[in-house]
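Chains as they are written, first to last, in the numbering used here: chain V, 1 to 158; chain P, 1 to 828.
Treat each hint with caution, since some may be false.
[To be verified] Keeping only pairs whose Cα atoms sit at most 16 angstroms apart, straight-line, the calculated EDC-like set for lysine to aspartate or glutamate is:
hint, chain 1, residue 1, chain 2, residue 2
1, V, Lys-66, V, Glu-8
2, P, Lys-674, P, Asp-690
3, V, Lys-57, P, Asp-432
4, P, Lys-433, V, Asp-29
5, P, Lys-433, V, Glu-8
6, P, Lys-178, P, Glu-203
7, V, Lys-57, V, Asp-40
8, P, Lys-458, P, Asp-432
9, P, Lys-818, P, Asp-640
Hint data in this document are derived by calculation from the structure and do not stem from the laboratory.
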Amino acid sequence: MHIVHNSETPTTTYAILDTGSKQVTLSADYLFDLMLPRLDHMYQSKKNLKIESKGAKYEIGDFLVKIGSVTMSGHYKGILVEVEYLPCVTPALCWSLVREFMQSFMGSCVKPTLPSYLQTRLHDIHTPQDTVQQYVEKFNEFRDGPSFTATQPATPAT
Amino acid sequence: MADIRLEVPAENSVLEVLYDGTELYQQPPTMSENLTQLARKIDFATDGEEVTTEEKKEEEEEEEKQPFQQPHWPLEEVRNKVRQALTEMSVLHDLLVIVKQKPPQYMVLDPVHAEPPEQKNYIQFLALKKSLQSAATILLNGAERLRTSQAEMGRPNRTVQDFHIELLRLRQNWRLKKVAKTIIGDLSYRSAGSMFRHTGIFEVSKADEGAGPSAVVGTGSASPISPLPSRGLQSSLRVTVPTELMGSAYIFVCIKKDEEDICSAQLNNCDFVAGDTPWQQKLEKAQNVLFCKELFSQLAREAVKLTPSIPHLVVGNQITATIFPGIHLLVGLCHSDGKNNVRGKPTTGQGPPGTCGPTSNMVGSGSGVSTGTVGGGPTPSKYKHEHDLEHSLHQLLHRVYHHSFQHPLPHPVYAPMGMSKRRRAAGPEGMDKNQWPSEISRRVATRDDIAAVIALYKANHVLREISAQTGVALQVVQNLVKRFCDLGEDELPAPLLKSGRPKLLSPRTLKVISRQVRANPSLTAREVKERNPRLLSHVSLSCVQQALHNDLGFKSFHARRKPLMTKRQKENRVKFCKKYEVWDLETWRSVLWSDEATFSMISLMKDQTLLEQIIRQVQHNFLRLRTMYVIDQLAAEFKDPLIVSHWNAFNSPTQSCVKINIVTQGYDTVLRTKLVIHIFERTLKCICRDGKIMTMSFEPQELRNLILCQISQHNMAALQVLAKYTGWTLLSSEQNIGTGAIEPLGNASTVMLASPSGNKVIGVHSGPHQRVSVYVSSSPRPDFYPSTVVMEQRWEHLGSNWQEVRLDRMEGRNFLNKMELLMAALTA
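Just chain P, same shape as in the assembly (with noise of 0.2 angstroms):
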């Protein structure tokens, strides 16, 4: 902090010098001298007229020549002013009373003449002419630019626009800045809350005059048609927009199944934006490849952090998840920069049938692929890109734009905008240091860092946004910039050179190495130095083996010595697997962890990532479809109960709803089995009527065994019902009987009927696999012989044996039609 004092300079003349050198200074005037020289200036005899230069002149002459007096008092001068004023008003006053007096006594007034001035006709006219003049210059010239704005409206093809005009509806649009000779415009969304690096500006100027539509010359009667094809408004204004932002771009979403290759997508040029003017289009289609970007910058930066059991791909442009096993989440960058080059497509296994040329096996590219297809055609992938997946994405982005400025509600009005939550809490809660760090932590400045700095200098921006912006510390901004300046501002201030003793390796030397060691990894650092004498004969041994093991990380390993196995451990091995090799799901999901689990603690800052959020969506997406899958394919295949299938209207992006009635066709009063199903993100949860609540996995048969079983016990049930309405007794209901075959799922289960007159006895077995099986016994027993053991007739009363009844042979719609018609035969 610079130090400024005042200091008034000792301006007071010196009055006298004495004899030992010490000056007399003449004091300064104390306020009643200063108010007595100020009071003097006063002249009440002028009237605040100019007065010229010679009269002051002689007026002060005067002054001077009038001996000085020291006023008394500070006032004096005034004071006799003001008493010689008041004299000549009382003079003035007498004759004004004299002269009034009613019968002319002592003094009259006569008017005088004035004599009439000279009558300077000429002059007048030339003066009047020249004014004249002046004002009908100036409304010629409104006349005349009025007639050219009005020719211009007039003018049916006016192609070329003003630049100012089209400047206003540019500054309409977009964030304009003027530095020094060139306007700047910010298309980032920095103003919304993005945190993104990038600073996207762009640079507006002036359209060429050559760019400027072709003359319209000869479409008169020669040439019926209009040689000119439509083109839209010609603009005078040129926008330029950074190279990296050039083009279209999107966000590519799929979900893709593990045995098939990894998919290829093209992009066409697809020119969704809608702008009128050339200028609109291009700068809203880098900033949605500004915001694609962002998002997958976003995206891959958490893919990275988290840590799931099976840890996310980031290769190239291109992030895979794991949703399900067996299931991949695809999320790429797409960016054709407007070349018709694809940058950045996902990899490539085996290119898409059709049209577009051979297309290179590389790991996610930096260089252009020309596809082939020029100027948009369709595009043929082989797999679906999720519309809405996409827009979630987006909209999980704006979400993110949104917090980092708004506070939910409540918060307080005193706060300063752009706090974040964890900031705001600190103060009521009394986060120490270690809760609330601030500190950035320290990185050196790299050749990129050193250009975008001096980029953005360059741009007249603050030194502190600058830190702020690229995250290098405001200091080595400040370094930076002071070395650019002296360096003329011309070229970038190299960085600094590193310290210490130079490497002997220099890094080419070890990219020859680490290639003939990768090549074949048994290699000796002796055998190293021996194949490259060149390179490496100035250095010793140990410098090769310090290279290979520290700077390119090769490092040796041996196996370890074990004992052998015995015999005994071999089958306690066994053992082990075997006893866990028939654990089902259940079983597995009652352990919560076991030896050796990861933790992973993801900061409190944010409740979810992005990605997660992403991928829990897509979990429930795909876990929605296939139960609706199983359910349609369960409803096409069962006629017999008709399966409806009702989905909730309102769903959230992690949890739906659907209700299952089982219903037998023309029997829908006589039951109606009823479940609830709701499916979150990798389970389902289902709900029957009398209140059993099972979890399901993300598998496909648990679900369809569910229904099936549902099923079969929605037919003994209704068969019981039904009983009652025609009259038939229930001897036995059993839902999971214990004979019979063994179900491969559920239980098989029986019911017993007896017939009013209770002659007739109908058994029914039903199972989720099995089919149906009908028997009736009929008493008394027709072939009843008394034998020597069962010697009486009355034994006949016992059931006689259980008859198969052929339900495929039986009229009737579906089971119950076919047992309500057997009740009523085997009623009479």
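Chain V on its own, in the form it takes in the complex (with noise of 0.2 angstroms):
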């Protein structure tokens, strides 16, 4: 089980649970945080497992820019830049737009493919969950792998 917290919606607090097959993400108000402990029997917290993104925060016309360093407990992992459009909801309709801003800045390391994320997601809205899952699976990858650029686009609406 993953515990994130996004300062984006401040109030939040996300837990994501990744079972083989699925995965399941909870959105709780702040204080879910003071019930972990309770659940200790069930959820022991690894103690050395805590990835962050901190970086600022551009906003060019209608795309939102946030371009993150990750560090694992305090070990420097690689950068993550989340791009946001704001006025569209459907990742579908903007994808290729999204697409195009990103290579226009970032260059090659765009894949023209849709993320593994969004591929099935393609025609929901895309809701703040989503954002921290993909935000989840871009720190499992950190984690898993060895550090490399990765970019992850985001389709939300304010």
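Two chains, two frames, some hints: make the complex.
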């Protein structure tokens, strides 16, 4: 189980449960954290695992770009770029636009194919939970694989 | 955050100082050395008694004289002492064994008689006496106290109560707190959920001795009538309530029509508070005033914030809202501070007739206006104060309090109290900072704010609380408190000076200029400057212009040049107007919006504000009364079919229901026309038995028309059913007949009936406005004469001319009765 906090939604705590076949996301109030010590018998916290992505947020027209440097327990791991297209809620409608925008300043490291997360959810409405789930996926990649720069598009609306 | 460190100073004594300045410290004792020292201190010889200091000193000296031997291991001393104790114990044991031998062989124990102590009888006697005396004094004190309290209880006219007993009673009802030397209490509704700014603090003090009751002297046989008026219990406790909460207040709610003047209301000294002690009454009244003030301020705030089509008017202590065109709701705060001064009456156009003196024509008053009625006469107000609406307002505010602390179920147990609904939803929904703002906007502290902050600080509030209550930022509060303390806690700190270049024209000058310009709007800036040489000579013309434009807000306009209208344009305009003149209400209702419509997006925080809710209730109330009036009027007017209305016993504040039965007297079983009318806030919905649903507006005429139409249709339908009973055949029935005179509303209907034998035909024509007319024709014609065109005799069987029946000359209670008699008469 992963516990995630997003500074964009300061009052929310996300808990993501990763059972092999599916992923269950819970978004609860911030006070959910106080309940975690009670769940000690079920979930023991791994002390060494704390990944965070910290950085600045930039606004260009309708796009929101958040560039964060990922650190795992104090060790630098890589860079994560989050691009948000504000007017649109469905990935299907604006994926190409977002990809072109990313290619304009990141060049070739943006793959022309859809990221794996969005492939199944192309026509659903993007929620803050989707953002957080994408982050968790990327963090997992950081944790397991070698450090490399990965990009991550997101399309929620305000 | 302060950084605090603990350092143990180097206390080790210096053993030696070398020639190069370094110091050799005595090493602190190691653990084993420490233990040894402690163990040495244990002395098994003493048995815990207090040893006098001289004996201690002797022991210490003895110890010092002994050669100081370092023990080999820490507990050696302890071991030695224990061994000594063992030796002694063994000796004792051996002794006892020898003594206990049955035939005493070696040792015998002889009892030794102790010397009897000296009998100091006298000293014993003195000691006893002293102890008995102390016990006796305690008992006597107690007895004295009991006697005095018993005497107090026994007294019949106990008027002055003890301060502390009163204080106890006060504490049972109100929250009190002791601050420095004063006792202050809280009478606001803050703990119940109110968010009002006023703190509601009252002070409790001892009443003066001189205010006690006058001595009851000489009520013996000299004066048979008691000279004392029956006063209530005088209390030794006095309660000081803030001046703005003194007196009593209530919220005045009334509905008035447009053409009449704005009403005026007087407040009498209605002592509706039921408290037995004077302070309880006073406090309850003050609390009521606070509640009314909060309610009114909330309504006023909403009235200003909301933007309905006809804006609400907030003037002084009065809010006017339009509920229907021509009908206004008036909500006013009537507050009289107990000196017979009515503050904040609603405005007066013309004074009410009768008792009070001339009232001035002020708009919402801050100063008092004496009414001339002293001490409570009845209120001769022109308009009826709606008590149930006032009660609804109170209830709505209570509901607001309730919601600020309580959450509707289901709510999580672990959530803290006091979270708003929005904040509670923010977590699971993942709201970001735009949707859930939490910053307070910055504003400058004014003199009133400073006074409030200092007052709260004096009352020993926590700074954070002060910041929350007054809305001033925490840093500013801290700064103000610091400056206040620096000034010696004497005077209020002045607000900080504003930076920048000071203005050239003082506010007084600006007022002078504005008065002149308002009196004569066509003054130019140059003329203004010339008129006030002494005030404005030191400034330039552009300074005056800027003052007029920016500070005072006088802007100048001139009419725009427009092209003239052509003849064709004029015709088009008239045609447009004429086209929409004839549109009726229904057609207008089909328009959703037109060009330049305004939409107001009220924030999602609350579903409906207090003012909207009360307006809806008032609208419904008014509509219900109007409907009642219309139906009752119609029932009184029409006796022919009776109109019976049953109102629902269970209503909501915004919806009622009435069932109307239209029935002819004596013919209840023939036909009963039923209607149900639902009354909402601005519309009525009528459901007929055959399933037709009609929605009407608030105009009373529409309901009247509807019922008239129903009446006429009832008559026709009942006639048809009656015809079946009497054996007459229905030839034709037409509900909306196209012939005859046009009805102003609805349609006329006709029925044609044939007699059983077929020789008579009755035709009835009825409309909502026209009266019923009945015609009879018989066949064969009595007046048939064959002519050149119509030759044969058989044509006489065509019906004769229609002859009208004079229903008013006929016998019969009502229309159906007359028709029955007619049919009976013609069936022969």
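P:Lys-818 and P:Asp-640: Cα distance at most 16 angstroms? Distance of about 11 angstroms is within 16 angstroms: holds.
Compare the distance between the alpha carbons of P:Lys-458 and P:Asp-432 with 16 angstroms, and conclude whether the hinted pair is satisfied. Given that 16 angstroms is the threshold and the Cα spacing comes to 40 angstroms, the pair is violated.
Check whether the Cα positions of P:Lys-433 and V:Glu-8 lie no farther apart than 16 angstroms. Answer holds: P:Lys-433 to V:Glu-8 is near 7 angstroms, not above 16 angstroms.
For the pair supplied as a hint, P:Lys-178 and P:Glu-203, confirm whether the alpha-carbon distance does not exceed 16 angstroms. With Cα atoms ~10 angstroms apart, P:Lys-178 and P:Glu-203 stay inside 16 angstroms; holds.
Sort out whether V:Asp-29 lies within 16 angstroms of P:Lys-433, counting only the CA atoms. At roughly 15 angstroms apart (the allowed maximum being 16 angstroms), V:Asp-29 and P:Lys-433 satisfy the hint.
Next pair to validate is V:Lys-57 with V:Asp-40; report whether the Cα-Cα distance is within 16 angstroms. With a Cα-Cα distance of about 36 angstroms, the restraint between V:Lys-57 and V:Asp-40 is violated, given a limit of 16 angstroms.
Are V:Lys-66 and V:Glu-8 close enough, with their CA atoms no more than 16 angstroms apart? holds, 11 angstroms
Mind checking the alpha carbons of V:Lys-57 and P:Asp-432 for me, to see if they're no more than 16 angstroms apart? Distance ~14 angstroms between V:Lys-57 and P:Asp-432 Cα, so the pair holds.
Proposed proximity, P:Asp-690 with P:Lys-674 (alpha carbon, max 16 angstroms): holds, 9 angstroms
Hint check: violations occur at hints 7, 8; the rest are consistent with the structure.
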